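Chemist: Take a look at the letters that make up each chain.
Number of protein chains: 2
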Amino acid sequence: MRAVQPVLSLEEKQLLVAILFRNHFAIELVVSEINDIECGKKEFDLCTYKKLVELYDKIRSHT
Amino acid sequence: MRAVQPVLSLEEKQLLVAILFRNHFAIELVVSEINDIECGKKEFDLCTYKKLVELYDKIRSHT
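Here the protein sequences come in this chain order: Y and V. Residues in the first sequence are numbered from 463 upward in steps of one, following our numbering. Residues in the second sequence are numbered from 463 upward in steps of one, following our numbering.
Chain Y on its own, in the form it takes in the complex:
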């Protein structure tokens, strides 16, 4: 079952991101995605991969 991302308002996206951090799950989500990409489970483009690593570093520096 493919979860389609509905069109979300900026406020809805902010709310999702806030819940992620409130539940201490943001870094796990990013790490999981990076791992999936690195072990070939997911396709990726280099630009997105770099952004994920930068995002990981940013979140990590705040934990």
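Bear in mind the hints are in silico, worked out from the structure with no lab data behind them. Do not take every clue at face value.
Here are the in silico distance ranges between beta carbons for each label pair [said to hold, decoys possible]: (1) Y:Asn485 <-> V:Arg522: 18 to 26 Å; (2) Y:Gln467 <-> V:Val515: 14 to 22 Å; (3) Y:His524 <-> V:Lys504: 19 to 27 Å; (4) Y:Glu500 <-> V:Thr510: 32 to 40 Å.
Quick caveat: nothing in here was measured; it's all calculated off a predicted structure. Beta carbons are placed, not taken as given, at the ideal position from N, Cα and C, and that holds for glycine.
Got chain Y; can you put chain V on it based on the hints?
Modeler: Chain V in isolation, oriented as in the chain Y frame:
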């Protein structure tokens, strides 16, 4: 350990939200937050609670 939400760019927030949906986790996250609020595990304000329920309905209608 309190996870502080770093200041994220809009692009970083979009990336986090995209990963949530890519991993079919958005609806679980919202449901978990609503449950925590409804069973008193988390403080909330009514406005945020209503937005969470609306967000749930929106995501649900796309799955």
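Chemist: When you take the CB atoms of His524 of chain Y and Lys504 of chain V, is the distance between them in 19 to 27 Å?
Modeler: holds (21 Å)
Chemist: Kindly confirm whether 14 to 22 Å is satisfied by the beta carbon distance between Gln467 of chain Y and Val515 of chain V.
Modeler: holds (19 Å)
Chemist: With respect to the beta-carbon atoms only, verify the hint that Glu500 of chain Y and Thr510 of chain V lie 32 to 40 Å apart.
Modeler: Taking Cβ atoms as reference, Glu500 of chain Y and Thr510 of chain V lie about 36 Å apart, which means the hint holds.
Chemist: Okay, Asn485 of chain Y versus Arg522 of chain V on CB: inside 18 to 26 Å?
Modeler: holds (19 Å)
Going down the numbered hints, you'll see the structure goes against none, and every one checks out.
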